[in-house]
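K.L.:
Residue numbers (UniProt numbering), protein chains in the order written: chain A, 1 to 173; chain B, 1 to 203.
Simulated from the structure, these hints should not be mistaken for laboratory data. Think of the CB as a built atom: it goes at the ideal place given N, C-alpha and C, for glycine as much as any other residue. All the pointers check out, no bait thrown in.
What the simulated footprint calls covered on chain A by chain B, stretch by stretch (three residues with Cβ under 8 Å from a Cβ of chain B suffice, anywhere in the stretch; the number is not a length):
#1 110–116
#2 131–145
#3 148–156
Here are the simulated BS3-like cross-link-like pairs (lysine-lysine), alpha carbons at most 25 Å apart as the crow flies:
#4 Lys32(A) to Lys59(A)
#5 Lys63(B) to Lys167(A)
#6 Lys69(A) to Lys97(A)
#7 Lys167(A) to Lys143(A)
#8 Lys63(B) to Lys143(A)
#9 Lys69(A) to Lys84(A)
#10 Lys32(A) to Lys69(A)
#11 Lys141(A) to Lys63(B)
#12 Lys100(A) to Lys143(A)
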Amino acid sequence: MATGSGAAAAAADAEEKESGSRMITLTSNEGKAFVVTEASARQSATIRSMVDDGGCVDKGFPLPNVDSKTLARVIQYCDEHGNKEAHTVDERAALAKFDKDFIAELDADKAFLYDVTMAANYLHIQGLFALTTQCIADTIKGKTPEEIRTAFGIEYDLTAQDEEEIKEEDTHA
Amino acid sequence: MDPRMSSRKNRSTAARRKKTVLLLLATARPTCVVDDISDEVLELVLLRLHSPACLIRAASVCKRWRSHRVGFRPALVYSCRRSLDFFPDTASWTIADSRGSLLRSSSPRRGPDDGLIVCEPLTRRYQMAAVPTSEMRRRGILGAFLADGDELAVAGGRIGMSSTQATGSTACCTLYKQNPPSFAELLNPPPIKFLPCRLLILD
Numbered sequence: 001m002a003t004g005s006g007a008a009a010a011a012a013d014a015e016e017k018e019s020g021s022r023m024i025t026l027t028s029n030e031g032k033a034f035v036v037t038e039a040s041a042r043q044s045a046t047i048r049s050m051v052d053d054g055g056c057v058d059k060g061f062p063l064p065n066v067d068s069k070t071l072a073r074v075i076q077y078c079d080e081h082g083n084k085e086a087h088t089v090d091e092r093a094a095l096a097k098f099d100k101d102f103i104a105e106l107d108a109d110k111a112f113l114y115d116v117t118m119a120a121n122y123l124h125i126q127g128l129f130a131l132t133t134q135c136i137a138d139t140i141k142g143k144t145p146e147e148i149r150t151a152f153g154i155e156y157d158l159t160a161q162d163e164e165e166i167k168e169e170d171t172h173a
Numbered sequence: 001m002d003p004r005m006s007s008r009k010n011r012s013t014a015a016r017r018k019k020t021v022l023l024l025l026a027t028a029r030p031t032c033v034v035d036d037i038s039d040e041v042l043e044l045v046l047l048r049l050h051s052p053a054c055l056i057r058a059a060s061v062c063k064r065w066r067s068h069r070v071g072f073r074p075a076l077v078y079s080c081r082r083s084l085d086f087f088p089d090t091a092s093w094t095i096a097d098s099r100g101s102l103l104r105s106s107s108p109r110r111g112p113d114d115g116l117i118v119c120e121p122l123t124r125r126y127q128m129a130a131v132p133t134s135e136m137r138r139r140g141i142l143g144a145f146l147a148d149g150d151e152l153a154v155a156g157g158r159i160g161m162s163s164t165q166a167t168g169s170t171a172c173c174t175l176y177k178q179n180p181p182s183f184a185e186l187l188n189p190p191p192i193k194f195l196p197c198r199l200l201i202l203d
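Chain A on its own, in the form it takes in the complex (with noise of 0.2 Å):
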């Protein structure tokens, strides 16, 4: 009984939670539509100067520069970070597995994980900018230049006279 009414009372509280807060839309650059708490789009800080700045909430925000995929994901991101509490010690280890599950999904997919790191960076999402950035600086910490190289398919493209540099560098470092 007592949990039954204490079950009814947080659903209450979660519908006054809800309508107290405005739906926000966000258009991808394919002109899909997606519709998120204000909460979760506040992670945003572009599009929270904008809300801020009385922009047109109703109408809601174009990004012209972030696609369908990349958006879903940023959004899965914004949601977790932007509707959930991080009061308690539980809550915040729940949205550190969150972030290690996030990430590591990501880190499968590298071209994804640039995506997702450019749409953080231009939405201004913090906490995401530092999980992807750094998860990116992971995969190169520790390893040689060559290991970099095929870890990010990045061609070999130094001349002679930039081998003579590092040479140098290295003898000084």
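Could you slot chain B onto chain A? The hints should help.
P.N.:
Leaving out everything else, chain B in the frame of chain A:
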């Protein structure tokens, strides 16, 4: 022309076109191309390496990455090599531990002056520990390590140097009364007795 023929021809053209599109999609990203990342973001990624050695290796990868060394070399690599020049008598101190922006150094000398210095290269400030290593030896303490933020919170301290107090600091190092801990133990310290010591400001 027979309309059925025409429709069949159209179908086969459409099928060919579809196949071409699929091929294009498949070959659009043969490898993960890091060039999708803008220069600005690449630079921020490189700054996250936090290691001069990694930065130098990264600068030897390709022309594009090399062009960013101008941005980060003087800022990071150079300062890492010269960052301890604000220390008095630099040569006699060795870096014993580092965490975040803090470095702990200890002197190999024995005598009344030996001890611990916790320094923050970024702000070029340093503090000498009130507990000298000779005292540590007398008490059977074998090592001192910079503590994690959580652990310092327990000890009433915090990581980083505080400039709010004129006479003392909340920065502290943790003294472990046991054999030098393993790396795993350092990351996840066992519940052992530690003495948070106040550090005195020299300057």
